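**Q** Protein sequences, first through last, are from chains Y and B. So the first sequence is numbered by this note's numbering: it starts at 1 and just counts up by one. So the second sequence is numbered by this note's numbering: it starts at 238 and just counts up by one.
Because the hints were derived from the structure by calculation, they are not lab data. Quick caveat, the model's predicted, so the values are computed rather than measured. The beta-carbon is built from N, C-alpha and C at its ideal position, and this holds for glycine as well. The reader is advised that the hints may include incorrect statements.
[To be verified] Only part of the chain Y face toward chain B is listed, based on derived beta-carbon distances under 8 Å:
1) H97
2) G102
3) K104
4) P183
5) R184
6) N187
[Claimed, not checked] Derived SDA-like pairs: lysine to any residue, alpha-carbon spacing no greater than 20 Å straight-line:
7) K104(Y) x P457(B)
8) K341(B) x R276(B)
9) K116(Y) x K341(B)
10) K341(B) x A210(Y)
11) K104(Y) x G456(B)
12) K353(B) x P220(Y)
13) K152(Y) x T111(Y)
14) K353(B) x E30(Y)
15) K116(Y) x Y355(B)
16) K152(Y) x R170(Y)
17) K116(Y) x L455(B)
18) K341(B) x R33(Y)
19) K365(B) x M381(B)
20) K104(Y) x H269(B)
21) K116(Y) x H269(B)
22) K353(B) x R392(B)
23) K353(B) x R33(Y)
24) K365(B) x R350(B)
25) K365(B) x P383(B)
There are 2 protein chains.
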Amino acid sequence: MNLILLTPAEIQRERLACVRDPRRLRHLREVHRAQVGDRLTLGVTGGGIGYGELVRLTDDEARFALGAFDTPPPPPLPVHLVLALPRPRMLARSLEHLTALGVKQVTLLHTQRVEKSYWQSPELAAKKIHEHLVLGLEQARDTMLPDVSLAKGFRPFVEECLPALLDGRRGLLAHPGMAQSCPRGLNEPTVLLVGPEGGFIPYEVERLLAAGCEGIHLGPRILRVETAVTALLARLF
Amino acid sequence: MNLILLTPAEIQRERLACVRDPRRLRHLREVHRAQVGDRLTLGVTGGGIGYGELVRLTDDEARFALGAFDTPPPPPLPVHLVLALPRPRMLARSLEHLTALGVKQVTLLHTQRVEKSYWQSPELAAKKIHEHLVLGLEQARDTMLPDVSLAKGFRPFVEECLPALLDGRRGLLAHPGMAQSCPRGLNEPTVLLVGPEGGFIPYEVERLLAAGCEGIHLGPRILRVETAVTALLARLF
């Protein structure tokens, strides 16, 4: 927690914030070992970043006197990430990683090699997804929540959603064995598609290429999804 | 397990291999759902990669008739990674990630912000480290084990080991706030130094820069160690 992320509702008056949830209180106490008088980095969801002075810390609440929140959050990556739904434990970690790295648009996609049971996972509840996004923001000192949408059918996604996504964006399909090595240092709007463990099936690759995506690869090594996503984002942008 | 990594001892005669450990047998059965007659990707530790036909699968062993092991493993990264010892759970994951990405020389370093208790962790036993390296190799279809060494004192490392490491290699100190953005697409021999959660302390940064390292950063976002290592390696090489 490199930033204490406040919701607008936690700012009681213009210059006072009150945090009551056990997770952040425990973190303040056990990791920050915070004491009254300490100056900590705070941000408000969707807004700026600044400092707050801890003026009260009890078992139930932490109160901060706020300075100006005039530092903007770090810039986002110019990417819409389309990720085949990973297994639940990896989903949680991947959401944190990609949020920390600055992705702001995510679509979780069904493909042939995504186990259907993954769509029933409690990790997909909006509240759980939100928790992981917040952890990623707190890690990276960011305040802008990513938007996560679910695409539970591959064909409807390709036929109905992908054309609009690719309008004005460069589509990159990351898949082992594609012809082009992953490009470096882009700053144009991009849609990045990443398959599941085991990859997209040939039919899916064909459809995505036919829709206008360029196939790219990261070399001969087969990486876990969470490693591949981080490596692709770090190399592309 | 995208490759079944054999030890030389598991190759009984030139063209027959026998796997008996429960982890790989369980994986063959439950994930690969392997059956007699299947052709699987195999490699031998320190050697080549090829195919093997499963000729027998019982509760206690899997036997393979081996083809030629004439595919070389994927190329290594030209980097010696010096990583401040992460907390045990993150160490395990980081070892798998960096092995999958192709790092072959690793030094785990003590710094001021590494908790001393981490050096007592069972995760540092040679056997445990070896297990995580093997998981990384199996993931990435590699056969060449990384060499992992421990440097339990910062000053002795800087004074006695670092000068030799930097002889003929470019030293890069990854640290937030350094002047230079992380370079891209290197292929020269490199030493990459990555600090602990919380970073190197100013004295350590000073010593490493004075020893000839260049300071580099990954932007304003603060990343977890495992994310930062993957992002740095993907961008540098």
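**Q** Would the hint on H97(Y) be counted as holding, given a Cβ-Cβ threshold of 8 Å to chain B?
**A** With a minimum Cβ separation of about 5 Å from chain B (threshold 8 Å), the hint on H97(Y) holds.
**Q** Is it true that the CA of K353(B) sits at most 20 Å from the CA of R33(Y)?
**A** Judged against 20 Å, a Cα distance of about 18 Å means the pair holds.
**Q** Within a Cα-Cα threshold of 20 Å, do K341(B) and R276(B) meet the stated pairing?
**A** violated, 29 Å
**Q** Below or equal to 20 Å on CA atoms is what counts here, so check K353(B) against R392(B).
**A** Within the cut-off at roughly 15 Å; holds.
**Q** Given the hinted pair K341(B) and R33(Y), is their Cα-Cα distance within 20 Å?
**A** The hint is violated at about 38 Å.
**Q** Hey, does the K104(Y) contact hint survive, CB to chain B under 8 Å?
**A** Hint on K104(Y): violated, closest Cβ of chain B at ~13 Å, above 8 Å.
**Q** For K152(Y) and T111(Y), compute the direct alpha-carbon distance and say whether it is at most 20 Å.
**A** Roughly 8 Å between the alpha carbons, so the hint for K152(Y) and T111(Y) holds.
**Q** Given the proposed pairing of K116(Y) with L455(B), does the C-alpha separation stay at or below 20 Å?
**A** violated, 37 Å
**Q** Keeping to a limit of 20 Å between CA atoms, is the pair of K353(B) and E30(Y) held or broken?
**A** holds, 18 Å
**Q** Taking only the CA atoms, is the gap from K116(Y) to K341(B) under or equal to 20 Å?
**A** violated, 38 Å
**Q** So if I understand the rule, the pair passes when the alpha-carbon distance is 20 Å or less; does K104(Y) with H269(B) pass?
**A** violated, 35 Å
**Q** Holds or violated: K116(Y) with Y355(B), Cα cutoff 20 Å?
**A** violated, 40 Å
The structure does not agree with the numbered hints 3, 4, 6, 8, 9, 10, 12, 15, 16, 17, 18, 20, 24 stated previously, though it agrees with the rest.
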